[in-house]
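All chains should be built: construct the whole structure from the sequences, respecting the hints.
Numbering (the numbering used here), first residue to last: 1 to 345.
I should point out that these hints are in silico values taken from the structure, not numbers from a laboratory.
A couple of the hints might just be wrong.
Derived PhoX-like pairs (lysine-lysine); straight-line CA-CA distance at most 20 angstroms [said to hold, decoys possible]:
1. K214 with K163
2. K128 with K65
3. K128 with K88
4. K77 with K315
5. K59 with K315
6. K167 with K214
7. K59 with K77
8. K65 with K88
9. K163 with K128
Distance ranges between label pairs, derived from CB positions [as the list claims (entries may be wrong)]:
10. N303 with S122: 34 to 40 angstroms
11. G293 with S162: 31 to 37 angstroms
12. R220 with G107: 31 to 37 angstroms
13. S193 with E99: 20 to 26 angstroms
Glycine included, every Cβ here is placed at the ideal spot set by N, Cα and C.
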Amino acid sequence: MEERKRVLTGVVLLATFVALLGWYFLASYLGHRQSLQVQEKMLTVHDDLLAIDGPHDGKKMAVGKFGLILLTNDGGKTWQRQPSNTAKTLSTIAFADHEHGFVAGSGGMLLATDDGGASWRSQTSGTKDQLLGIYSVTPTQAFVVGAFGTLLSTSSGGQSWSKHELKWDVLIERIVKEGGYVEPNLNAVYFSSPNVGWVVGEFGLVLNTEDGGKTWTSQRYGSDLPQLYAVKFLDDRRGWAMGQGGNLIQTIDGGKHWSSVEIETNRDLYDVSLEGQRGIIVGDGVALASRDGGASWRPMTLNSADQWFSGVALKSSEAIAVGRGGTTQLLALDDLATQKGKETR
1 MEERKRVLTG
11 VVLLATFVAL
21 LGWYFLASYL
31 GHRQSLQVQE
41 KMLTVHDDLL
51 AIDGPHDGKK
61 MAVGKFGLIL
71 LTNDGGKTWQ
81 RQPSNTAKTL
91 STIAFADHEH
101 GFVAGSGGML
111 LATDDGGASW
121 RSQTSGTKDQ
131 LLGIYSVTPT
141 QAFVVGAFGT
151 LLSTSSGGQS
161 WSKHELKWDV
171 LIERIVKEGG
181 YVEPNLNAVY
191 FSSPNVGWVV
201 GEFGLVLNTE
211 DGGKTWTSQR
221 YGSDLPQLYA
231 VKFLDDRRGW
241 AMGQGGNLIQ
251 TIDGGKHWSS
261 VEIETNRDLY
271 DVSLEGQRGI
281 IVGDGVALAS
291 RDGGASWRPM
301 TLNSADQWFS
311 GVALKSSEAI
321 AVGRGGTTQL
331 LALDDLATQK
341 GKETR
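Below, the structure written as structure tokens:
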């Protein structure tokens, strides 16, 4: 009998321990998914952040997986979660002014705001393809690009969206593969004025319009056709595009000629932010800064060797970079690597 009591007592204790352990892991998991912690200059949430933009210097919004939208009003020091009313991946965000902006993502998801991001309303894109890049030219005019050559535009603030059927002789990289054709993904779009814009994508694709997106022509450059993820211009003539394997190209004549820029990394580059003579590029474990109008780019010192940044926005003398695991980091232009040629990772 005494032996049986000891066995039963052991079973009860073991069951209690297992139950408590289960509750501990459940609470830890839920707490991890819901926590927003600021540690020094780092914000940690569970889900990846993919892009950042904002209506003015201190106010920025970041978007990411599972409908994640985060807002900062103090330049990235503190953040608040914003309702998106969707669980889809939000890949890209763009503001035209202090009030009007758009978000796009998976399954053709499109959201719009006219109150500075306080609320977002769903829009009908007319496609189920993943949307990867967006640019808001004015509060009413915007362009969106995405998978399989998707190019959409609106001139009504998003009340309706039109699909552009690009001529396939323009998409010069219509690669023959296994007896069929590959429609290249279009990853980013940027307009330097209401009429002049660029699109970049797979296979080193660079497209240019000079009539507000009505027609597009291809711009060639000498390259091994890497994937291009981002494009930005300071004006109608000076611009940069970047992507796979540390490939960075620039133009000083509006894209008539592109040339490769030598930089100290071969890591993938995902985004760039430019303002006057200052610029910051971020990517897979790397950040590069320029203080001479893009004439040179130097690696920056990061907090960790494993940081993956997919979006960046300049603010005064700093930039906010966002990426894996909901991480954000404030990058100061003075945080350049001290050792020449050192690859920060």
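Against the structure shown, which of the earlier numbered hints fail to hold, in ascending order?
-> Those not satisfied: there are none.
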